[in-house]
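Asker: Spelled out from the first residue to the last, the chains are:
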Amino acid sequence: MTREDLYGESDNPAESTLKLDRREFLKLTGGGILILFSLGEFSTLEAQRREYPTDFNAYLLIGEDGRISCFTGKIEMGQGVITSLAQMAAEELCVPLDSVKMVMGDTELCPWDGGTHGSLTTRFFGPPLRAASAKAREVLLELASAQMKVPPEQLVTENGKIFERGKPGKALTYAQLAKGQKITRELEREAVQKVAAEFKVIGVPTIRTDAREKVTGQARFAGDIRYPGLLYAKILRPPAHRAQLKSADTSAAEKMAGVTVVRQDDLIACLHLDPEMAEKALQTVRADFEIPQETVDDKNIFDHLLKVAQEGNPADEKGSLETGEKQASRLFEAKYLNSYVAHSPIEPHTATAEFKDGKVEVWASTQSPFGIKESIANALNLPSEKVHVRTPFVGGGFGGKSRNTQAEEAARLSMITGKPVQVAWTRAEEFFYDTFRPAAVVLIKSGIDDQGRIVLWDYKVYFAGSRGASHTYDIPNNRITVFGSGWGGAAGTHPFATGAWRAPGANTNVFSRESQIDMMAAKAGIDPLEFRLKNMKDDRMLGVLRAAADKFGWKPAVSPSGRGFGISCGVDSGTYVASIAEVAVDKNSGHVQVKRVVCAQDMGLVINPEGAKIQMEGCITMGLGYALTEEIHFKGGKIFDANYDSYAIPRFSWLPEIETVLIEAKNSPAQGGGEPAIINMGAVVANAIFDASGARLYQLPMTPDRIKAALKA
Amino acid sequence: MEKTIKFKLNGKTVSPTVDGARTLLWVLRTELGLTGTKYGCGEGYCGACTVLVDNEASRSCQLAIQDVEGREVLTIEGLSANGKLHPLQQAFIDHDALQCGYCTPGMLLAAHSLLLRIPQPSRQEIIAGLEDNFCRCGAHTRIIQAVQGVAAKREAK
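Residue numbers (numbering that gives the first Met the number 0), protein chains in the order written: chain A, 0 to 712; chain B, 0 to 156.
Derived from the structure by calculation, the hints contain no laboratory data. Even glycine gets a Cβ: it sits at the ideal position worked out from N, Cα and C. Errors might be hidden in some of the hints.
[Claimed, not checked] Mimicking EDC-like on lysine to aspartate or glutamate, the simulated pairs with C-alpha atoms at most 16 Å apart in a straight line are: (1) A:K594 to A:E658; (2) A:K325 to A:D448; (3) A:K306 to A:E321; (4) A:K160 to A:E141; (5) A:K279 to B:D93; (6) B:K83 to A:D448.
[Stated by the list, open to error] In silico contact screen, one side only, chain A against chain B (beta carbon under 10 Å); selected entries: (7) L35; (8) V138; (9) E141; (10) E346; (11) G396; (12) T492; (13) E609; (14) K612; (15) I613; (16) C618.
Only chain A is shown next, with the shape it has when bound in the complex (with noise of 0.2 Å):
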């Protein structure tokens, strides 16, 4: 079942007014087994029990066919979890992974969630979509028992099917024992799930189940959404942000034909069955606007993020500086600073809006469906009710599309015209009103004994935030402080907004302290790898930088061997990641090619193995863009980058070989996949190219203008 299936033609949104309870819910799904859980009663929602509701919301549900729907509110953009969660839930119900629909990020039909970020869905809401599926089998079971007057321990399920074992040809099918039922059951405990030796379905390498939609042009985005009559909308942008619209005149767009002009507040759009027409409108314009003077730039802002830094929050603490201090013979103190990043997601933030009868649909590209929800109810002064959200595909997201304006931006045009509107950002919008990666500065102090180990690390972080800033080293003295906040900071920081960038701050941070324990290294004269392995007792880390190594085919030396080779490690999501790659650097143009990289994870049970393997792979792809070229230019309020012109993004030519290993670990707990391996991404390039040139670099991205520095330094 589709959305579609629920509604009929999704294009068609009368249908789709629905205020579901959950006997409506049936009803409206035709009958079958509604399986309820709440994702407060389980323990390994513990961390995220603060942002999940309590009562039980949750849908799984077998049909009256057979198949089974599962309800979501996370969205797919990409990452894979469409195919992921699909798995586990085939799993616990001994069905074919096809028999499995997911339903995502729909406000009315699935259960409140907080987001799709932090690499937590397989994480959270695996373990309970796991364990209602198992309760679902229990049913099932229940069922086929009394029909059959067997005991159900003495009953196989295979297949999508439950029989008598050893009696296979008497088989009752789900579709059969879930004909007209009308069960709902709340899932009060953990169903016994299976375990690691049992799975069919989790733990195979599993091929997209989006794919065939994608490949044909099939799949849709929120711009491809139609309604009949849909206005695309042009809204008028200030020229820097803070800026203060003066005066705007708007009489030559109103003459001419077929444009819609609203002007409400700050609000100033052009609207038109054709896009183009309506952003030809909108140059017609006249706008004034009062540019606040700004000094911030991006070559002082490092400078100026020192100075407004508040007093720091203490991450870790062990032992004492002052005696790290004396028991060491080497001293390093090193200042890192690292740009603001955009997401730049190939589709921009579109939104296809209808107001109707007092309420509001939505489509929109967004990883928040829930919390766009509540602000379109803010912005349009609506009871929350009257606002649905639904997801199509999302296409990516990296932690850009939480905050969802031009979803605000589209119900509310709609509202005003009584149209159906479409807001669909320009590359230009997108770019400047990204929430873009804060720019940050790491300052260490470490030191090492003349054994080589570490004996001293203090680590200060401004701007970037605690993730990926505690490690797994082993140093007796060690203090870690967090200084403002990795994802926004308070007023006077930032001079524009910033946010959660894929691995939020840990790219930032690893980055930081993988170049000093290298830079250590050196100096200490020992091999990178060795001086890692010798200062760690972390098991888990142990395994994943031998794991990269062997793959490598390391070779020891002391840095700068003029091989081009560097290591990489940390921990982000939950699972442990090693890099080590291999660059050529061209000590005249300055310019960077990553040969190779070799990255090893363990996360855990890995739930689709080839899923995980695209998403390191495309952890080490996009990385290469912050590690390289990718940083926002900007004074005040005003950004400079507008397009690809100027703000380069990876391509085909920068591909290294890549090769990934991922550690057998079915036994413990699935860790997070979408995340960890970019972390690596700007160390393990630094310590390559320190290793290929002796230049070492401070600053990301490390642009051949500043490596040609570095090598004159």
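With chain A's structure known, arrange chain B on it following the hints.
Answerer: Frame of chain A; chain B shown alone:
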């Protein structure tokens, strides 16, 4: 100025009456109901809007509709024939050569035009042929493998 522009779209003749200066991208998406061709950057950098015009990869966001008059346009919706996937589409599925899928239609058409031009491309030729099509999710490695897979199968025949 509005005029009727006749061209072949996915093998069938169409003749929308539109302002001839409008771009092919938006005429496809708004007038002809084909939303598989995507807007990515609007300035011809990213390749999400790639279609084939007379078998050559073209940026539909940079092409006026009047310039395709009398020509043959192929979009993602026309790549499979009679419900049978094009070998490249099948290869993208088999190699898991996509994630979010937003760049995929443009990527497939760029790859298709590459194979029309060079039936047995080297890895370097594939990279050069797809260089101006962007993928933010990082599916590049598998996209190359998928294209290589199709070329290899052809050679085997």
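Asker: Now look at each hint and say whether the structure bears it out.
Answerer: So, going through the hints one by one against the coordinates:
1. A:K594 to A:E658: holds (11 Å)
2. A:K325 to A:D448: Given that 16 Å is the threshold and the Cα spacing comes to 9 Å, the pair holds.
3. A:K306 to A:E321: The hint is violated at about 26 Å.
4. A:K160 to A:E141: Holds, because 13 Å separates the two Cα atoms, which is no more than 16 Å.
5. A:K279 to B:D93: violated (43 Å)
6. B:K83 to A:D448: violated (67 Å)
7. L35: With a closest approach of 31 Å, the L35 of chain A hint is violated.
8. V138: violated (34 Å)
9. E141: violated (39 Å)
10. E346: holds (4 Å)
11. G396: Cβ of G396 of chain A sits 8 Å from chain B, so the hint holds.
12. T492: violated (27 Å)
13. E609: Holds, because the Cβ-Cβ distance from E609 of chain A to chain B comes to roughly 6 Å (cut-off 10 Å).
14. K612: holds (9 Å)
15. I613: holds (6 Å)
16. C618: holds (7 Å)
Of the numbered hints listed earlier, those contradicted by the structure are 3, 5, 6, 7, 8, 9 and 12.
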